[in-house]
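*Asks:* What follows is each chain in one-letter form.
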Amino acid sequence: MKKNLKPFGLLLFFLALLSTPLLAQETTLDPVKTSLFKWSLIIGGAIITLTVAAGAFCQAKAISSACEGISRNPGAGRDIRFLLIFGLVLIETLVIYALLITIIILMVQWGKYV
Amino acid sequence: MEELEHSLFLVDFFNKIFSRPLTSLLALIGIEVKDPNHLIPDHVVMSLMVMVFLILFFGLSSRKLKLIPSKFQSVLELVIQFFESLLVDIVGEEGKKYLPLVGTIGLFIFFCNILGLVPGFMSPTSKLNVTVGCALVVFVYYHLQGIKSQGLFKYLKHFTGPIPLIAPLLLPIEIISHFSRPLSLSIRLFGNIFAEELLIVIIASIIPFILPLPFMAVAIFTAIIQAFVFVLLTCIYIGGAVAHSEEY
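Chains as they are written, first to last, in the numbering used here: chain A, 1 to 114; chain B, 1 to 248.
Read the hints as simulated data drawn from the structure, not as lab findings. One should not assume that every hint holds.
[Claimed, not checked] Partial list, derived from the structure: chain B residues whose beta carbon lies under 8 Å from chain A: (1) L152; (2) V229; (3) L232.
[What the hints assert, rightly or not] On the chain B side, residues computed to face chain A include the following (Cβ under 8 Å): (4) S24; (5) R188; (6) G191; (7) A195; (8) F209.
Predicted model, so just to flag it, every value in this text is computed and none were measured. Where is the CB? At the ideal position from N, CA and C, for every residue including glycine.
Working from the sequences, and respecting the hints, build out all of it.
*Replies:* See the structure below:
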């Protein structure tokens, strides 16, 4: 009895997966709107990708130099850690601004403004 | 975003009780309510709940304090000590008097962020109104404390920098940087929590079963980090405002 339970549960899980509502998108093929939507997707993706690359590079540089500083002088670890967190927060804020701009670009219903 | 979120049960319940008297009160002032069933928005109800929880929980647990703490009391003392040590590190020994505001804002934001992970609730901090409120409180508070500790003229003089010759150059920069502080505080918190909830909603709309779990685990981490960052920046702003000019 217990042997059969496992495949049965797995089957139920996959059935449930199949029946999940996928994003049903109703496409109205107005060429002006679709081109605007396409451009907004491309620009939004480009913004967040470029910013994440730059932000990750800067955070890596900050962390690596902080690690070097701590390993050379462990006594100053407390101050360095504080400055590191502060700097990481400021870098992260800029990336989040870009993320918000991306979300705004993608969420605007462009059809209303054509 | 409205089409992605169904209306929450608690908000509907709250609206059913309170929207009638509030509508009539607003009508007394002369404001017409268009949609009385959705008068009170989600984030107001949720932040009220966090407020009531914080007041009841921390208020009741501070009733019977003992010199030798029980397990429960020592856990709560750890929380208070965390805020206190942060303030002492950044502001200095006199920073302990700013503990009430800093601790309250930190706990409020932390519980607001965490509340979004409970099913049937949402994070109040994923709306810009709540975060702007917190940031404006911090903005007004640290200016007031700076004026209180240094005097009005000395505090205003500290905007112009050390050298009088370049003061006209420094003054606009300082003013702009001070006004950008509440902006960056509020938008950072809002952006983090909003993006995280949006991510969970989108993932759950693709496969609602097991896939959102790792993202929710990351969300716990984000909630703690963001509350910490808000408190850290508040401490830094207060420390910068009340610092005496010889240290500056």
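*Asks:* Each hint should be assessed against the structure and marked as holding or not.
*Replies:* Hints versus structure:
{"no.": "1", "hint": "L152", "verdict": "violated, 29 Å"}
{"no.": "2", "hint": "V229", "verdict": "holds, 5 Å"}
{"no.": "3", "hint": "L232", "verdict": "holds, 7 Å"}
{"no.": "4", "hint": "S24", "verdict": "violated, 36 Å"}
{"no.": "5", "hint": "R188", "verdict": "holds, 5 Å"}
{"no.": "6", "hint": "G191", "verdict": "holds, 4 Å"}
{"no.": "7", "hint": "A195", "verdict": "holds, 6 Å"}
{"no.": "8", "hint": "F209", "verdict": "holds, 7 Å"}
Figure legend: structure checked against the earlier numbered hints; hints not met, in rising order: 1 and 4.
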